[in-house]
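Undergrad: What follows is each chain in one-letter form.
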Amino acid sequence: MEAGLGSDRTRRTLYLLLAAAIALPFFAKTVIPPVVGREARALYEAVESVPPNKIIVLSLEFEAGTIGENLPQTRALMNHMMKSGKRFAIMGFDPMGPVFGQREAEDLAKRWNRPYGKYWVNWGYKTAVVQTLKAMIRDIPGTMVTDHRGTPLSKLPVMDGIKDAKDVGLIIDVTPSALYEAWMAYFAGPGGVKMGVAPTAVMVSDIFPYLDSGQIVGMLKGLAGAAQYESLVFGRDARERGITWMTSVSMTHILIIALIILGNILEIAARRRRTAT
Amino acid sequence: MQHASLTIAILEALAAFIILYKILSAKRGRELFIRRIPGLAAIDEAIGRATEMGRPILFSPGLAGLDVTTLQALSIAAYVARMAARYNTRVIVPVMDPAVYPVAEEVIREAYAAEGRPELFNPDDIRFLSDRQFAYASGVVGIMNREKVAANFFFGYFYAESLILGEAGTQIGAIQVAGTPATTQLPFFIVSCDYTILAEEFYAATAYLSREPILLGSLVGQDWSKVALAVFIVVGVLLSTLLGPQSPVITALTAQLGGG
Amino acid sequence: MFLSFLTAPRHGTQLFLFVLGAVLVFAAVMAALHTLPPRAKRWLIVACTFVAGLFYLLEFMLPPGTLMPPPGPGEGPVTDNFLSRYVEPVGYVTQIIAAVAIGLGVINLARVNSAPLLRFRPGWQNSLAFFTGLIVMLVVGLWRWKLLLNVTTVAQEKAVNESTIGSLYRFLFDGLYSNLGGTVFALLAFYIVSASYRAFRLRSAEATLMMITAFIVMLGNVPVGTAYLTGWIPDGHWYSFLKVEHMSDWIMNTPNMAAQRALIFGIMMGVIAVSLRIWLSLERGRFFEQEL
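Chains as they are written, first to last, in the working numbering: chain A, 1 to 277; chain B, 1 to 260; chain C, 1 to 292.
Hints are computed from structural coordinates only; laboratory data are not their basis.
Computed from a prediction, not measured in an experiment: that's the story for all the values here.
Please note that a few of the clues may not be correct.
Said to hold, decoys possible - Sample of chain C residues lacking proximity to chain A, with all beta carbon distances greater than 12 Å (derived):
| no. | residue |
| --- | --- |
| 1 | 10 |
| 2 | 11 |
| 3 | 38 |
| 4 | 50 |
| 5 | 61 |
| 6 | 63 |
| 7 | 118 |
| 8 | 120 |
| 9 | 121 |
| 10 | 192 |
| 11 | 193 |
| 12 | 196 |
| 13 | 200 |
| 14 | 203 |
What the hints assert, rightly or not - So the derived list for chain A, only partly shown, Cβ under 10 Å to chain B, looks like this:
| no. | residue |
| --- | --- |
| 15 | 11 |
| 16 | 176 |
| 17 | 202 |
Ideal Cβ positions, reconstructed from N, Cα and C, are used throughout, including at glycine.
Sequences are here, hints too, so could you generate the full structure?
TA: What follows is the structure, encoded as structure tokens:
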């Protein structure tokens, strides 16, 4: 296999072009409205259909590396839930996920006037995946006991009437890993709870079989999914994070396609020269 | 709690029976054929190249904890370490899970001892880097560049850092062999590595490398189990097509497969 | 009853004595194991592996209600078997082992990095950076955790976060750690460009087909493709399938899904085979003192 791209200069040129493709849209402030896909719309409708007496569990499994995709997804979902007045709980099996979630929720709570403890709660970071999920089916307050600050859940109005899996209207797993499989196997499946996933774009192709079988009701495909969801929540002219960042992603995709075509043209030309000589 | 339905119990018992039957028939001396897997055949070539260049080998057992995938990766690491010990080549094994670290250290130590070269084993070559994904990736890339490794082996479960590892190795000119059951990372390894072992071929690695009858028998049994599963799928598709998806037979079968 | 004794929560002196007793029992068991001949050790490992695997296998396979009392009046159907209640405590044992292993990892890191630092070998600056980061983050993190122990209100939490230690923690965590993680992940974008430019070559019909498919899926996922390329094609007509997002959807939902399912079946069969070999101690290799 060839060791590189022929020269360091070629590589540096490519990287410079990429940096320009990502950065320039931010200065140009151009936004291209997304077309909403089936999977994002299905998740939107699943959130809309959660009744007031049930809670949505938002499981945030991401760390700092994937906040570029997972944070806009989280924000889009929280915007929708707070706008619609849905009760939701943040938790995570990664220590950083609930921290990021808490910050976004506090910011959005001011925007939508949804105080903590009344509309949303942060159950915090949990360590034992299988044990926690199995225990949650039978008894959620007994498993979680307190929120992330140590306040007993019984003191929070958002937890009124929430006892076990039957009181969970929807689980949404925002994750860069395959932890959604544990949610499906140990909670959503046995508990009969609907489930949505917001993975990073690279995980998307793995999840389609579960969408087809109905084990997952909807999905946000990376940053594109977050942008589509935002356009459902705010309308096509919205200027939320996902929609604005997607312009950079679009430019990058065009650049990659152009470079692949250019690389092939150059190779065909070089091959013809070799044949001619 | 999820428990097996009758259908799932029967299917698992059938798969286990086929695999154990093939293991027993292999133990009785029956010759078994497995096709050539280029990625696994290239392991010796990669070790040879590192030996010629006088530079070390890097073996990453992936980012999963101490589970089936990592144990399989460590079995391959044992093979690589034995070959490397034979040719006096250093093997660096960075691990991400602290529970994997003592197992990896023991595996590599015993591999050197089995080749009669226990003095070559350097415990500092088995390193726990970090249990955070990108900190681990940064550490591995740092090791590749500082130690100027000549061959990289990526066997195990990987996530988004797979392309970082593969490209960094390509940029230093190392020969790279990767094998992972993580289907989402296969495209990245295919473009950045010289040889890639796809999905289930990863689980065939120990059988292929050792040619041990029990492992070969298990591999053949695995393939026959897949054939049985394929027959089951075809029968299900035909029944569903002929009887209709809402028929009582299909509904009952689907409910059974859903589990308890 | 023994299990209840082991797993009952304890506090204060009782907890300390319980942990001390567990350490002493562990030391005694390890000492006894060391005196066993190698063959006996091997059979002990085989037996423990078999029993552990058998436990989880039976717990999954035995139908709900096996050896369980019938449900009382007003209770729902029984969903567990007699082994299910032991799954949680057994799971905690594996977690404790994993938690102890973190200490091993830190010790290894310290050992590997101390030699270059103490002897000023090339790269000693990296080892210094490691120790500095480890000690500073440990001290700041523990200090902040101690301050947060008595916090019960939002105002108290805000006061801790705005204190000197809180600010330092935010600088290290948000300013350094989060941004460094994001930076390394962002490298992927650059590597994808260089990998695509290098690897996507029209060398065969399959490669061409793969490239066309990749272009369609890429354009179908971004607004510039869906809005500008085929956005002018109206929905609801026979030629609407030419819209790039519909073609992308079809590719992902039909051939891709079939291939993913096939891969999952193959991988799971492989996992069953390897798990069976490990459970029955049939796996060969240096773990099990067998020649390769």
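Undergrad: Now tell me, hint by hint, if it's right for this structure.
TA: Structure-based check of all given hints:
{"no.": "1", "hint": "10", "result": "holds, 17 Å"}
{"no.": "2", "hint": "11", "result": "holds, 15 Å"}
{"no.": "3", "hint": "38", "result": "holds, 34 Å"}
{"no.": "4", "hint": "50", "result": "holds, 21 Å"}
{"no.": "5", "hint": "61", "result": "holds, 15 Å"}
{"no.": "6", "hint": "63", "result": "holds, 14 Å"}
{"no.": "7", "hint": "118", "result": "holds, 32 Å"}
{"no.": "8", "hint": "120", "result": "holds, 32 Å"}
{"no.": "9", "hint": "121", "result": "holds, 29 Å"}
{"no.": "10", "hint": "192", "result": "violated, 7 Å"}
{"no.": "11", "hint": "193", "result": "violated, 5 Å"}
{"no.": "12", "hint": "196", "result": "violated, 5 Å"}
{"no.": "13", "hint": "200", "result": "violated, 5 Å"}
{"no.": "14", "hint": "203", "result": "violated, 9 Å"}
{"no.": "15", "hint": "11", "result": "holds, 8 Å"}
{"no.": "16", "hint": "176", "result": "holds, 6 Å"}
{"no.": "17", "hint": "202", "result": "holds, 5 Å"}
Violation of the numbered hints given earlier is confined to hints 10, 11, 12, 13 and 14; the remaining hints are satisfied by the structure.
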